[in-house]
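Q: Residue numbers (the numbering used here), protein chains in the order written: chain A, 11 to 913; chain B, 774 to 888.
Some clues are possibly wrong.
To be verified - Once the Cα atoms are required to be at most 20 Å apart in a straight line, the calculated EDC-like pairs of lysine to aspartate or glutamate come out as:
no. : chain 1 : residue 1 : chain 2 : residue 2
1   : B       : K843      : A       : D769
2   : A       : K325      : A       : D181
3   : A       : K325      : A       : E311
4   : B       : K852      : A       : D39
5   : B       : K843      : A       : D675
6   : B       : K852      : A       : E42
7   : A       : K686      : A       : E699
8   : B       : K843      : A       : E54
9   : A       : K325      : A       : D157
10  : B       : K843      : B       : E857
11  : B       : K852      : A       : D181
12  : A       : K627      : A       : D157
13  : A       : K715      : A       : D675
14  : B       : K852      : A       : D49
15  : A       : K715      : A       : D157
16  : B       : K852      : A       : E54
17  : B       : K843      : A       : E22
18  : B       : K852      : A       : D769
19  : A       : K597      : A       : E345
20  : A       : K627      : A       : E336
21  : A       : K597      : A       : E628
22  : B       : K843      : A       : D39
These are computed hints drawn from the structure, not numbers from a lab.
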Amino acid sequence: MTWMGAMVTLREWSRRLAGTVRRSRTDGDLEEELRFHLDLKAAETRRRGGGAEDAERAATLQAGGLAQSMEALRDQRGLRWLEDLARDVRYGYRMLVRNPVFTIISVVSLAIGIGANCAVFSFADALLLRPLPVPRPAELLVVGSTDSLSGSLVSSYRDYVDIRDVSRSFDGLLAFTTSTAAFAAEAGAAPRLSMGMLVSSNFFQVIGIEPELGRAFQPNEGEVPGRDAVAILGHDFWERRFGADRSVIGRTVHLNGIQFTIVGVAPSGFTGLAQYTRSEFYVPLMMWPRLTADPTARPLEARAFRNVTIEGRLKSRVTMSQAQAELSTIARNLEQAYPDTNRNRRLVVRTDLQNRIANAQRVATLLAMLTVLAAAVLFVACANVAGLLTSRAPLRAREIALRMSIGAGRSRVIRQLVTESMLIALHGGVLGLGVGYAAVRLFHQIQIPTDFPIVVAFELDRRALLVSLAVAVASAVLFGLAPAVTSTRAELTTVMKATDGAGSGYRRRWGRAVLVGGQVAIAVVLLVVATFVYRGFQRQLGTGPGFPTDHRLMLSLAPGQLRYSDAQARQFFERLSERAQLVPGVKVAALTRFMPMDGLPPSVTIIPEGFQFPVGKESATHASSIVDEHYFDAIGLPILKGRGFRATDSAEAPRVAVVNAVLADRYWPGQNPIGKRFRLDNSRTPWVEIVGVAKTSKYGFLIEKPMEFVYLPYRQRAPQSMFLLIESAGDPSSLAAPLTAVVNGLDANMPIANVRTMDELYRMRSVAVLGVIVTMIGAMGTMGLALAIVGLYGLVAYAASRRTKEIGIRIAIGARRSDVLRMILQQGMVLALAGLGLGLALSLGVARALARIFPGGPGGDGGTDLLTIPMVAATVLAVTLIAAFVPAHRASRINPTEALHYE
Amino acid sequence: MSTKEPQKTDILQGTLDLMVLQTLATLGPLHGYAIAARLEQVSDRSLRLNMGTLYPGLMRLEQRGFVRAKWGVTDNNRKARFYEITAAGRRQLASERAGWDRTASIMHALLNEQR
């Protein structure tokens, strides 16, 4: 068909659509035209001879029946299915309004089920799934070797250059690293720490975006280290700091004291390639050596300095496995050429999403668990609606049979029943969005405590709406299709004759019993999970991070960002430590590279003396920090064996380290670790002697598995950005102002960031997050149980109502009411008990899965929570007993005379 | 239901469209009965159109923009709906006709060769 043909078809359909909506020609109009035709036909027949009446009949016969022709015309006039749909929707609404109890229970059940899914999706989307704000985000691939601690793919700049130049699979490969820098709009102004990206010159081109203002980086800006001090501003930052001034292009700003010329502004909506970070500036990677806080790092030359991320898109017709094969070859060549730095460094290619999941496996597993729980809630909700529909089926059977007997096709009737289900589901979906919205409000309690533009954006966005809609439609099919199919299968004559369509009653009751049993089982599992997690988290929160959180204040400082030399930085920290100690109210002032509970700790690679690693492994990477001699006092961590650091552990003294108990146990089990040695990085570095063992605390997150940790003395390492940690005598927050004054007194240009108390950090990083997760899981457990109760109640009430006559007879012939009560109650409780048993059996498997998500058990101590099971069992038993008792009791109150008159 | 025997009606409808358009092109505006009568006459009474075929067909042509219709008065002073071919209809007629001629000549050649 040609373009013209397509246009013609389009015109026909649009007119038919108009015919449906506007009724461009009325039925009367159509009929008039047909009658005119018939009249002429009859006249003609008469002319040929024949009676008037005969002529008319003959005409009608010859011309085709009036009714059939009208029907054909109506079909042609509009869109038949659309008219049917409109009729079904109107009819469906009437049914829903006529049965308010059914409607309310169904819609509310589904709202809970759909809302739970909407909420979990929004949660997962913000934490993991939402694609980067770039064109064709799914095609963006990450290349690199796995970082053993974080699991993410990393690379060094040197490796990047080799991969980029050799690889033929990619349509350009970009590299970037995220970095903080002291930003000042003018030379004299006090700098603020800001966060941005150092990027390869092809960055914007490979991503496929154009700056909103100015230009992208040029190829020559990726060639000479330190030469091209040009910057592109992030859109948000440009609006916030420069009031969206379009004349910023060409202006000079200062990053770490270096003059940069602004050459462009990134487009709105683009926030960089790091998942949660809203990048404030972009500068060429070539500026890295001049911007870095650690001048010894040689970021552009050191092949082992793996701090860049490589991303790119495949050329067309290149598959991921082809790219992977090529990268494996490149990795082998690099390994041969640079055995020191690249041994066992395999190169891997992943999609952006795969990479995120690998980076955050615990989060991914948690989200998977939440998704399963939400699906379970939805299933319980759907079972409720399906149960209600099934119990309504006998009442509707006659209506359906009637419709089918006057010629409605079975598919037509099914379509109408499914339309009704869709109506219920869509209303449930709309209400479910309300539930989802409430959840998103709850998620907003999770904030990342930082001065940097790092945001986890929980939103009820278009993606969440689409998912909710899809869930609603899926649920309608789930609960609506089976009852629709079975209720149209009924034998017409039986149904028409029977008083309430007893036809398939037995099978129907069985199906419902299985549904209700399943509901109870799922509710039990949900409750077990909720209780496990709740009690586990409560215990964790009770135990705390392993050090006191009160009376502690922190602030972070990065003298490297002011281009301090090593000696200057050392002097700065020296003086800071001395002066801070003198501030009234300060008990201890300490320096540390890493603050516990503030994200992932940095890592070191160690080779413990005399430890046999498995084949192919020569060293181990562990979390670490660099601390001064006051740190253990200030944070309140006891030294279990040996000593802490001393001021005499200086650059000239023998190398020493303090390790935590987990590390000591791992490498020297049953031995005294004091005096044991390890090397850092590789076999050519000097021995480091362990002088002390510190108590194990929590480092990254409250529910982490106990992990190995290495402390190195600040005086033996190059100073970098450090935290000042204060133990206060009184209210720690009152010390923020005097300490800021101390820093300013040393250097007014020193940017101070992340001033907060340990209590605040702990609350935001641990308590709030765990609180939200517990609330979510707890809500799903409660909802699951509530829905299951409605299901059970409904079933028992229904079964009792169908036995009204029987109960009447029993009572009339002398059965006691308590017997009747027991009889009906028994029916419900058999189901409840079966469901409970099944649920508890399933829970055992679930408990094992939970242990994988929360290593060491949700309680963190590895023990299983024995009390949970009896608690849940007792609750479910009590609640189901009530749910079954109420309708059973009502049934036993039946007045026999009324019951026998019934019907 | 509306969508039974699609094959048969399709073939018939394609031909019917061509016949109706040709009739309207030669005779000018006509009402439905006159179109049917004309086709019956031309075909020597072998083609008798059912109302249920003719009028939906006309409506479809109207919806596609090939004919336009309005209520008018016959010579006998009766109210009737008159159909008139549009410019798009004439173009459609020309192209359909060319297609038909081509098909006919191919069939002709083929059948003569077979003999």
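Q: Now, for every hint given, state plainly whether the structure supports it.
A: Hints, verified against the model:
1. Taken as a hint, the K843/B and D769/A pair is broken in the structure, with Cα atoms around 83 Å apart against an allowance of 20 Å.
2. Proposed proximity of K325/A and D181/A is supported: the alpha carbons are some 5 Å apart, at most 20 Å.
3. This hinted pair does not check out: K325/A and E311/A have alpha carbons roughly 29 Å apart, beyond 20 Å.
4. In summary, the hint linking K852/B to D39/A is supported, as the alpha carbons are separated by about 12 Å, within the 20 Å threshold.
5. Taking the CA atoms of K843/B and D675/A, the gap is near 97 Å; set against the 20 Å cutoff, the hint is violated.
6. Only pairs whose Cα atoms come within 20 Å are accepted, and K852/B paired with E42/A is accepted, the gap being roughly 9 Å.
7. A distance of roughly 6 Å separates the Cα atoms of K686/A and E699/A; the hinted pair therefore holds under the 20 Å criterion.
8. Of the pairs offered as hints, the one joining K843/B and E54/A is violated, with about 24 Å between alpha carbons and a cut-off of 20 Å exceeded.
9. At roughly 27 Å between alpha-carbon atoms, K325/A and D157/A are farther apart than 20 Å, so this suggested pair is violated.
10. The suggested pairing of K843/B with E857/B holds, with an alpha-carbon distance near 9 Å, which does not exceed 20 Å.
11. Taking the CA atoms of K852/B and D181/A, the gap is about 72 Å. The hint is violated against a cut of 20 Å.
12. Taken as a hint, the K627/A and D157/A pair is honoured in the structure, with Cα atoms around 14 Å apart against an allowance of 20 Å.
13. Restraint check for K715/A and D675/A: the C-alpha separation of about 15 Å stays at or below 20 Å, so the hint holds.
14. As the CA atoms of K852/B and D49/A are separated by approximately 12 Å, the hinted pair is consistent with the 20 Å bound.
15. Annotation: proposed proximity of K715/A to D157/A holds, straight-line Cα distance about 19 Å (limit 20 Å).
16. Taken as a hint, the K852/B and E54/A pair is honoured in the structure, with Cα atoms around 18 Å apart against an allowance of 20 Å.
17. Between K843/B and E22/A, the direct Cα distance comes to roughly 18 Å. Compliance with the 20 Å bound is thereby established for this hinted pair.
18. For the hint pairing K852/B with D769/A, the CA-to-CA distance comes to about 90 Å; that exceeds 20 Å, so the pair is violated.
19. Simply put, K597/A and E345/A have alpha-carbon atoms about 52 Å apart, too far for the 20 Å limit, and the pair is violated.
20. With a CA separation close to 25 Å, the supplied pair K627/A and E336/A exceeds the 20 Å bound.
21. A C-alpha spacing of about 43 Å is found between K597/A and E628/A, which places the hinted pair above 20 Å, so the restraint is violated.
22. Straight-line distance between C-alpha atoms of K843/B and D39/A comes to about 11 Å, which keeps the hinted pair within the 20 Å bound.
In this structure, the hints that do not hold are numbers 1, 3, 5, 8, 9, 11, 18, 19, 20, 21, in rising order.
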